[in-house]
Structure formats: C-alpha cells, structure tokens
Amino acid sequence: MPIFGKSKIGDSCFIDSTALIGYPHGAELNLLKENPDKIEGCEIGNDSTIRPGAIYSTAKVGNGTRTGHNFLIRENTIIGDGCLIGTNVVIDNDCNIGDNCSFQTGAYIPTGSKIGNRVFLGPNASLTNDKTPLRTEYNPEPITIEDDATIGSNATLMPGITVGKGAFVAGGAVVTKDVPAWTLAKGCPAIFSELPESLKKPNRLG
Amino acid sequence: MPIFGKSKIGDSCFIDSTALIGYPHGAELNLLKENPDKIEGCEIGNDSTIRPGAIYSTAKVGNGTRTGHNFLIRENTIIGDGCLIGTNVVIDNDCNIGDNCSFQTGAYIPTGSKIGNRVFLGPNASLTNDKTPLRTEYNPEPITIEDDATIGSNATLMPGITVGKGAFVAGGAVVTKDVPAWTLAKGCPAIFSELPESLKKPNRLG
Amino acid sequence: MPIFGKSKIGDSCFIDSTALIGYPHGAELNLLKENPDKIEGCEIGNDSTIRPGAIYSTAKVGNGTRTGHNFLIRENTIIGDGCLIGTNVVIDNDCNIGDNCSFQTGAYIPTGSKIGNRVFLGPNASLTNDKTPLRTEYNPEPITIEDDATIGSNATLMPGITVGKGAFVAGGAVVTKDVPAWTLAKGCPAIFSELPESLKKPNRLG
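Going down the list, the protein sequences come from chains D, E and H. Counting along the first sequence from 1, when you hit position 187 you're at 187 in my numbering, and nothing is skipped either side. Counting along the second sequence from 1, when you hit position 58 you're at 58 in my numbering, and nothing is skipped either side. Counting along the third sequence from 1, when you hit position 47 you're at 47 in my numbering, and nothing is skipped either side.
Among the hints, erroneous ones may be present.
The list makes no distinction among identical chains, and a pair is therefore deemed to hold if it is satisfied within one copy or across any two copies.
Said to hold, decoys possible - For lysine-lysine, the following DSSO-like pairs were computed, each having C-alpha atoms within a straight-line distance of at most 30 Å:
(1) K114 to K33
(2) K131 to K201
(3) K33 to K131
(4) K38 to K200
(5) K114 to K177
(6) K165 to K33
(7) K165 to K200
(8) K8 to K201
(9) K38 to K165
(10) K165 to K8
(11) K201 to K177
Worth flagging that the hints you see were computed from the coordinates, not collected in a lab.
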C-alpha cells in the first residue's frame, strides 16, 4: 500500500491498496528517492473509505470521508467530516472545506476555494479562480460557497464570486456575480429569481 | 492482474494488468480482506479490450467492449455488445445500456439511467437524476435516451427527461424537457427545431 | 516502473513509478505479451515531471513538461517544451501542440487538433472535431487554436473552428464559428466583442 512519509490514518478505515496516501507535493518530490521518511504525509480521519485516488502530503480529511476513484486532493487543503469526494473530483491546494459536503463525479475546485457545510457540487461543475489566466502575473481570486448551497451539473462559477447560503445554481448555469442567499441562479449568464418552495430548506446531510 | 472474486472474462480479450476487474462495490468492501473469493465479480464478453480502469462487481459488459483509461462502471449496470467506454467515463450503478453505444471522454451517466442502442455521448456530456439534491430525501428521476440519439460535448441533461429516437442535442446545450424523436435541441435552455438533412439518418454503428 | 518498449526519457526527469510511459497504442497492444521490446515507445524531454498518468507509444513531449495525475496523451501527438498537462487532461492522437501551453484539470483535446504556443485551456474546456458523430462516415474537422489564445472553463468549441491569436473565450461559452484574433467571445452561442484592456497582451509564459 503506497502510504508516504508520516501520513496518519484513523481507526476503522478502508484504504484501497493502490491509493496514493500522502503523495509528495511539488516541493517534496525530491524526497521520494533521497529521504522518503521526511515526507510530511496527510491525515485521514476515522471511519473513512478511500478508494484508488490520491491525497497529497499536508492535506487533511476528516472523519467519515468517502471517496470514489481517481480523485485528487492537493497540499494544504483541509476537509471536514462526512464529506463525499466523488470519482474524478479534483480539489487543488489551499482549499478550506466544511462538513458533510457532497462533490459529484468530475467536480473541480481550484486553489484557495472556501466551501462551507453541506454544499453539493453536481457532476462536472467547475469553480475558477483567475480572471486573466497567463495574461498578467498570477493573482488568484478564489470563490466562496456558503453553507447549504447547491451547484448544478456542468455549472461554471467565475472567479471571486460568493454563492450565498442555501442558494441553488441550476445545471449548466454560468455565474458571473455573487448569488444572494436562498436564491435560484440559472442560464448563461445566470439570472436570479426566487427559489421554488421545494428548494427552500437546508440540505439534509449532517 | 487484479481480478476480484468470481469475475468471468470472455474469450480473446485484452485486459490491462492494472485494470480493476470486478472491484467490490460498497456492500462487499469488507470481503476484500476477510473472504475475497466471495466477491460476486463482473462479467466481460468476448473480444473485449479493457484498458486501466474499473468495472465493479455485479456489472456486466457485452462482447466487443472497448475502453479508454480511468473509466468506472459501477454495480448492477448492464451494458450491451460493441460499446466504447471512453477515458474518464463514469457509469454509476443500476444503469441499462444497449448495443453499439459510443461514450466519449469524460461523459457522465448517473444511477438508473436507461440508454438505447447506438447512442453517442460527446466529451464531458453530463446526465443528471436528481432535481433537489440533498434538499429532500433521495428520490432520483433517471433519464432515458432512445436509440440513435446524439448528445453533444458538454451538454447537460436535466433529471427525468427523455431524449427521443434519433434526436440530436447540440454541444453545450442545457436540456430541461423531453426532446421529441428526430429533433435538434440547442442553446441554454435548449430550444427545439427540425434536424438538418445531414443528421436525418440512424447512427452507423452496429 | 512501467516503461514500455523503446521509450526515451531525457535527463533530470521525475517519472512516477506508476506512470505508463510509452503505453502501446491500439495497433501495438498485441505486442505486449508477444514482443514487448518492439513497442515503439514515447519520447520525454529533459527536466520533465511526469506524475501517474499515461503517455502512449509514438507520442513526444518536450523539455520541461509537467503533468498532474490521470492524464492521457495518445499516439502520434507531438507537444512542445514547457507545457503543463493538468490532472485528467486527455489529448487524443495526432495532435500538434506548441510550447508553454497550460491545460487545466479535465480539459479535452480530440484527434487532430492544432494548438499554438502559450495557449491556456481552463478546467473542463472541451474541443470537438466531428459535426455528425456516427451519423455519417467519420470525417473529422479538427480545431485550430492560435498563439496566446485563452479558452475558459467549461467552454465548448465546435468542430472545424479557428480561435485566432490572443483571442479570449469566456468560461461556459459555446463557440460555433471562427473567433478573430484579439477578440472576446462569450455566451451560448458565443457573440464577439472587443477585449478589455486587461486582456490585450500576450500570455506571460515562455
């Protein structure tokens, strides 16, 4: 089982024998050959199920984490308890994620994103963090998603926006500005309207 | 070669040595250590080419299946003969899929989807199955796609819709209601129009 | 370390021990058992960092290539120096790609695409190459992307188009015709307008 460096795994976990646990981030790659015991490693909470995928060194995932396959969680990212990290989900470095989130297949979360509790990301939903990629010096503007918000499948969120508590972004929407709490956003570019009654409640997880 | 439990592989197949064949689904994970021979396993038809990826226990794929890399096919999903399962394609549990389909890179098919014969899914096309994810008890409304239908790249299909026989969903479309047979759907939200002559014919595979 | 056939690896590279280097393309798969030394293999330039993923036999990547995880580069594709191939990026066969490109997580590049220097593809951006998939004989119309162009997250580019030098395709755009040089394209279908001042400059890499 490829467990790197000083990784810590909680009690009662299932860890697939091919998962990469505490994989060295870029600044540690040279340690792999020379001094693998010095790799910082990751932390995995109790009662977690980790299928084949990768958690980088210095990342932490909480108790009751469940994953699909081929996911990636990068360095310095902190994830709370009870989260589902679906197949092909990528969470880049320095993200901060709460409890009981559900990230479906192929959802993408870039560097520095801040995500609350009970947030749902649909399949292939994409967050972004850079308005002028490569055209200027790298100056990321991460996204914030507040508690109980839902992002639909294939939705695209532009850099720097905040999706408010309980807001619902429809599938395929392209969101170019902040979404107020408990509001529906749909279309390209997304326009806002009142939530239908069926969606006016907090998410049921946790 | 990681072939789990009672998996059955047909004649004249290429199976990559790192593919996960008959990987235990959630309810079987505990058997991995304790009783691996009891894992139900998957079935793979003759003349299939299976590159590195995962087919879960209890799934079945037909004769002449070809795959890319890093794909996932989950439990109780049945796939007919002659299908192409592209790289990064994810097909969740309890799906029913016909013959001679072509699923391109990154296409996503959620739990319970029903797909006919000769259906084409473009790269990163996303099907969905839940109108109120997490907000209510889980009550999926799967999608049906009939024979000879084509779904363009990055298209998003909303829960519960039916895409009729020979219909063509353009790339990037967001489809919010049933698409009649032999109809073109494009835009966000998708609007319907007559198919151009070049598309008024069944798909050529099979 | 799975290095296949006659693959050539430059100096001072990091190659992950599970990466598939020079993986046999379809016409070579039968060599794996019978005559693995005859697999043509791939070429990797100096100072490259190759994480777990796959580079097919006959592909070439230049000096200073960096990859994420679970990427795939297929046969006869040529990539210049200094490119970033992000996690889950798929580059199909017979593509031609310049120097100092940056392809973010999940970007998809189909068979025959031509991409210049310093091109940025955002997360889950999808190129296409076939207007009538399966409905007629396969007659691909690849896309051309010129130097310094930027393609936003989740954007979809239709077959056969050219994105001109320095053009900027916004996130979520669906581009149905050629984009002139130094032009902004946004919406579904995309409409064109003048670039804001902040984007009127070549990309900074290289």
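Results for each hint:
1. K114 to K33: Neither: 34 Å inside a copy, 37 Å across copies.
2. K131 to K201: Answer is between: at 14 Å across copies they meet the 30 Å cutoff, but 33 Å inside does not.
3. K33 to K131: For K33 and K131, the Cα distance exceeds 30 Å both inside one copy (38 Å) and across copies (49 Å).
4. K38 to K200: neither (49 Å within a copy, 45 Å between copies)
5. K114 to K177: within (16 Å within a copy, 34 Å between copies)
6. K165 to K33: neither (46 Å within a copy, 43 Å between copies)
7. K165 to K200: within (11 Å within a copy, 36 Å between copies)
8. K8 to K201: Neither: 37 Å inside a chain and 47 Å across chains, both beyond 30 Å.
9. K38 to K165: neither (41 Å within a copy, 46 Å between copies)
10. K165 to K8: neither (33 Å within a copy, 49 Å between copies)
11. K201 to K177: For K201 and K177, the Cα distance is within 30 Å both inside one copy (23 Å) and across copies (25 Å).
When each numbered hint is compared with the structure, violations occur for hints 1, 3, 4, 6, 8, 9 and 10.
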